[in-house]
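From first to last, the protein sequence lines stand for chains P and W. Sequential numbering from 1 applies to the first sequence in full-length UniProt numbering. Sequential numbering from 1 applies to the second sequence in full-length UniProt numbering.
Worth flagging that the hints you see were computed from the coordinates, not collected in a lab. Treat the hints with caution; some may be incorrect.
As the list claims (entries may be wrong) - Label pairs and their calculated CB-CB ranges: (1) R131(W) <-> H107(P): 31 to 39 Å; (2) A89(W) <-> G261(P): 52 to 60 Å; (3) T243(P) <-> H108(W): 48 to 56 Å; (4) R26(P) <-> A102(W): 42 to 50 Å; (5) R263(P) <-> V140(W): 54 to 62 Å; (6) H107(P) <-> Y388(W): 52 to 60 Å.
All residues carry an ideal CB built from backbone N, CA and C; glycine is no exception.
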Amino acid sequence: MLGRKNTIIEDAPRSNGEHEVVLSARDVTVAFGDKVVLDKLSLDIYRGEILGFVGASGAGKSVLLRTILGLNKKKAGAIKLFGIDVDKANELDRQRLDMRLGVLFQHGALFSALTVQENVQVPMREYLDLPKKLMDELALLKIELVGLPRDAAVKFPSELSGGMIKRAALARALALDPDIVFLDEPTSGLDPIGAADFDELVAKLRDTMGLTVYMVTHDLDSLFSVCDRIAVLGNKKVLVEGTVKDMLASEEPWVKSYFRGKRARQLDLAARN
Amino acid sequence: MLNDAPLQASRTPDAQNQPEVNVREDKDGLAVAFSGNWTTRRVHFVDHDVRALELRGDVRKMTLDISGIQRIDTAGAWLVERLIAANAARGVETTVVGESEAAGILLHAVAEATRGKEAPAAPASDNIFIRFLETLGRGVYAGRDDFIAGMYILGSTIRGAQMKLGRGNAVNLAAIVAQIDRMGVGAIPVVLLMSAIVGAIVAQQGAFQLRYFGAEIFVVDLVGILVLRELGVLLTAIMIAGRSGSAITAEIGSMKMREEVDALTVIGLNPVGVLVFPRLVALVIALPCLTIAANFAAIGGAIAVSWLYSGIPPEAFIDRMRASIDVSTIFAGLIKAPFMALIIGIIGSVEGMKVGGSAESLGLHVTSSVVKSIFVVIIVDGLFAMFYAAIDF
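Make a model of the complete structure from these sequences and hints.
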């Protein structure tokens with residue numbers, strides 16, 4: 001236990017090209033009992049991109065996310081993170097992988113007994129060997145980077161509003177400056193201005209740190225403004241993937257009604273006026 | 001040292017990635033060159049050096065060459081930005097050279113997030129005497145608040161489970177019966193077993209001591225009076241405080257946590273009426289009944305031990321008991337039961353209503369509910385003993 005903190009101190013290897021695959025899922029099949037939720041799903045995410053993941057409610061977006069994170073068991077298929085097969089990784093590799101991902105759960109999943117600052121420090125404490133003062137400063141920095149006021153640092157999650165909980169959870173996800181972050185509906189529950197700020201923040205972090213973002217979202221604004229690529233989940237696999245243009249050109253009925261439906265048109269109209 | 005080897009290995013990673021601070025005295029200031037990987041996992045190697053730079057008082061100009069930084073993330077950017085801000089605060093002219101595009105964006109982002117904000121003031125730590133007084137004061141006020149909240153709940157309960165719009169008292173009989181089943185009937189086995197064992201122990205110890213005086217038969221007086229007046233009701237109350245008091249706090253507390261209590265209020269129901277009233281009534285009915293059962297079990301245990309250990313046959317035991325106790329002895333114990341039931345129920349409810357948003361707070365209040373109710377039950381038992389002594393009951 002004592003040696004563990006030190007063994008994973010080295011930085012993640014550098015990217016070796018523009019189109020390095022950070023996450024690849026191959027033929028992933030997930031079933032609960034007899035009910036097949038995902039059937040031979042394949043998906044690639046490249047370094048430095050923001051992938052928007054959409055799909056009807058109940059289509060299995062969260063199941064896929066949880067499967068990638070290893071919280072659900074899959075029946076078949078392989079998931080590789082940074083080129084390492086997560087099923088075959090040994091314990092040390094697994095820990096290295098964990099250090100390189102950040103997760104923002106849909107409802108925040110902040111630890112209710114800890115303050116926001118302590119929440120952000122949980123991964124730092126676990127993996128890094130930082131002096132207390134620096135850790136406090138870094139936690140405060142993360143808290144401010146996600147747009148929370150300084151005095152929120154000493155508050156408990158029960159004292160925060162829904163939007164603030166989202167931001168605090170993002171701060172925790174970013175605590176170790178991960179290479180890839182998984183965001184589960186990050187802008188739901190934020191006001192439009194806050195949501196736009198959030199999108200901008202995600203884009204900025206991507207630009208500076210080569211952060212890769214996997215974003216499950218229903219926010220058309222986010223999809224149009226920050227996502228480089230969009231993947232649509234339907235019929236238990238990825239129906240379409242591509243840019244916003246590809247989405248608008250798609251003839252899949254669900255994709256069509258999602259991107260060219262009434263709400264999307266209104267957004268479009270508003271943008272033009 | 002178990003971890004010596006890995007520690008050594010980690011302190012000397014490949015030299016080109018190790019973050020470094022090189023300071024060179026120039027003719028008009030300090031030329032500082034940063035190099036290596038300034039990432040979250042490594043910044044603690046240079047934190048000390050940068051802090052030292054922030055405190056140097058003998059410089060007027062500083063040039064930061066960050067072109068040697070190969071990788072930087074928000075933690076590294078924070079260190080650089082902290083130095084720039086510290087320089088600005090004490091009037092040192094700072095020039096940053098050689099920043100890459102990514103580092104520039106990152107530095108700008110970090111500066112934007114933090115600049116112009118004062119570090120939060122460390123909470124002033126008072127001396128130990130003040131802190132002691134503060135704790136004492138808070139304790140007294142908390143006690144007063146508890147008492148008022150308890151009286152509020154008692155009052156609301158006596159007033160009944162009111163409904164709005166004058167629909168009168170809607171006492172939910174089914175809820176009360178269900179609670180009696182859970183808190184009373186469910187507790188019978190454990191209360192009987194515990195009381196029988198305690199009765200047997202008291203009888204054995206009493207008989208052992210009285211044997212020296214040849215007065216073994218007086219063990220009947222001892223057990224009869226002790227159990228009926230004190231032990232039966234006290235032990236039952238303690239058992240119920242642990243068993244049902246904690247359950248009341250946990251139930252009401254978790255409903256409070258998930259805003260169910262607020263939902264009741266908004267729908268127009270009185271939370272005290274809906275949640276507390278049935279539990280309190282059930283306890284007031286169940287505890288005296290359990291006390292009677294406990295008394296029987298304790299006397300039963302005593303009879304068995306007297307027979308087996310001292311050779312007092314059950315007929316003789318019962319004969320002697322009829323002479324030593326009367327109905328007032330039984331009532332002296334039983335009268336206390338409803339009061340103790342009220343105390344357990346009220347403390348459980350008050351603590352439940354105080355539960356905040358976190359899981360920790362729930363655990364805290366369940367614990368304090370049990371501790372407080374057992375403590376108050378024992379105090380009240382003592383007060384009753386003094387009261388009985390004063391009126392020769």
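48 to 56 Å was suggested as the range; check whether the CB atoms of T243(P) and H108(W) agree with it. Roughly 28 Å apart at Cβ, these two residues miss the hinted range, so it is violated.
Holds or violated: 52 to 60 Å for the Cβ distance of A89(W) and G261(P)? The hinted range 52 to 60 Å holds for A89(W) and G261(P), with Cβ atoms some 54 Å apart.
Do the beta carbons of R26(P) and A102(W) sit within 42 to 50 Å of each other? Because 32 Å falls outside the window, the suggested range is violated.
Measuring from beta carbon to beta carbon, are R131(W) and H107(P) in 31 to 39 Å? Cβ of R131(W) to Cβ of H107(P): about 38 Å, so the range 31 to 39 Å holds.
Does the Cβ-Cβ separation between R263(P) and V140(W) fall within 54 to 62 Å? holds (58 Å)
Return holds or violated for the Cβ distance of H107(P) and Y388(W) against the range 52 to 60 Å. Check passed, 57 Å falls within 52 to 60 Å.
Checked against the numbered hints listed earlier, the structure breaks hints 3, 4; every other hint is satisfied.
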